[in-house]
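Novice: Spelled out from the first residue to the last, the chains are:
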Amino acid sequence: MTRGEIPMGSAGGVTDNVPSIGAGFMATLRRDLLIAVRHRGELANPLMFFLMVITMVPLGISPEAAVLSALAPGMIWVVALLATLLSLDSLFRSDFEDGALEQLLMSPQPLYFQVLAKVFVHWLITGVPLTLMAPVLGVMLSLPSAGYWPLILSLLIGTATLSLIGAIGAALTVALRKGGLLLSLIIMPLYVPVLIFGASGVRSAIEGFPYLGTMAVLGAFLALAIVLAPLAAAGALRISING
Amino acid sequence: MGWQWFHRLGSPRWFYEKTDAWIPWLAVVSFALLAVGAIWGLAFAPADMKQGNSYRIIYIHVPAAFLSLAGYYIMAISGAIGLIWKMKLADMVMKCAAPIGAVFTFISLVTGAIWGKPTWGTWWVWDARITSMLVLLFLYLGVIALQQAYQHQDTANKASAILALVGTVNIPIIYKSVDWWYTLHQPATIKFTSESTIHPSMLYPLLTMVIGFYCFYALVLLISTRTEVLEREKKTRWVNELAAAKAAGGKV
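Chains as they are written, first to last, in my numbering: chain A, 1371 to 1613; chain B, 10 to 261.
If we strip away everything but chain A, and leave its shape as in the complex, we get (with noise of 0.2 Å):
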């Protein structure tokens, strides 16, 4: 950020040179996506996960039309959670390598919203391209027409959820070397009630019920993981940095 761009409503008047929680947030956020978009290749690993293994289903199991519609719901939400997962490992990693993970917690910047513009930008994209590419396997799983805009919102709401409850294993798991299964392992049982209501909402639009309370349950999901998810991961990289 050149000089130029620093706020003026700073907090107390005692740091004037400390830029704003806004400025801070957007600071980080543009430097997140700027590391994205130079490495381009990486973002395109999650999507070809979640291709091939939806390829796998009809492989494994059976390419007749009325089996895969049946499962075409829970089975698209599971392995974009699973994408989601295999993709968060990397959300402090190279930070934490190169040291800019000491930095962010040195800096007088609130670390919660230093957190959420991490995972916000981890959403962008992950979450995004993953919903954005769903109806395209939905097609390939047979998946009825009733259930694809359900399906799109479910994702797009679910996946930010997921990205914020994943940061608090990958804040957690960040300082060890063989972090990524056991970042999996802890954080699975905690994706329980976000997958339970993704997939049963697009069943319900499948089968003709109303669908939008279990979006709301989902946006209250959200809400929540929004709150106190960026905490916990801020406590938990405080712990991993400080030991």
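Wrong hints could be hidden among the right ones.
Claimed, not checked - Sample of chain B residues facing chain A (criterion: CB under 8 Å; computed from the structure):
1) M96
2) L148
3) L155
4) T164
Just so you know, the hints here were simulated from the structure itself, not pulled from any lab data.
C-beta atoms are modelled at their ideal positions from N, C-alpha and C, and glycine is treated no differently.
For this one, chain A is given, so just place chain B on it according to the hints.
Specialist: Just chain B now, kept in the frame of chain A:
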């Protein structure tokens, strides 16, 4: 005044010396309660009208299920105390409570499966309460795995305390799950707010078993924590003196 005991708990030595006298009492009480409850429940309580004698497994199943949930809270609360007041003893209690709670969860799952075979005709059904019990077991295993992944004991304690606290978000969902996806499992039988649907002749042995299980849990947790105290404080003078006194055959 009144809070002194709480500050004293910060000293593992005080805890170790204080609880030394509790162990025999707790052991006698818990084994007596378990023996009375088991004999009463297995031999003297009447057989169930529909399920015959197979229902008698509730004398193990229900107390174990109670403790698997209560054990998670004990673990999470002591983890929180360790995080907030930096109390070493609370960290040790949290570490010891995790495997004990996991074992109780496992017992309740296994006894549930054994009970399910004669009553529902199947070992396993994807029912709400069974599934949430399984998720609870996963939560315990995650805490244990995280605890063991760290080389540094202090970091391990703090990290697993955070995970345990995050996991408590799931506990209300586990309780609520009965209302949410009511399926095969019967609704909760023991209700403290209204008349319970279990006959008193079956209820009293069950309550005896529940209290016995709680005492047994406290006993195991105490013994385990005391071992942990000795393990962590092995370089201090009081532990060495204790070991020397033991080795000399003197009374501790």
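Novice: It remains to establish, for every hint, whether it holds in the given structure.
Specialist: Consistency of the hints with the structure:
{"no.": "1", "hint": "M96", "verdict": "16 Å, violated"}
{"no.": "2", "hint": "L148", "verdict": "5 Å, holds"}
{"no.": "3", "hint": "L155", "verdict": "6 Å, holds"}
{"no.": "4", "hint": "T164", "verdict": "5 Å, holds"}
Going down the numbered hints, you'll see the structure goes against just number 1.
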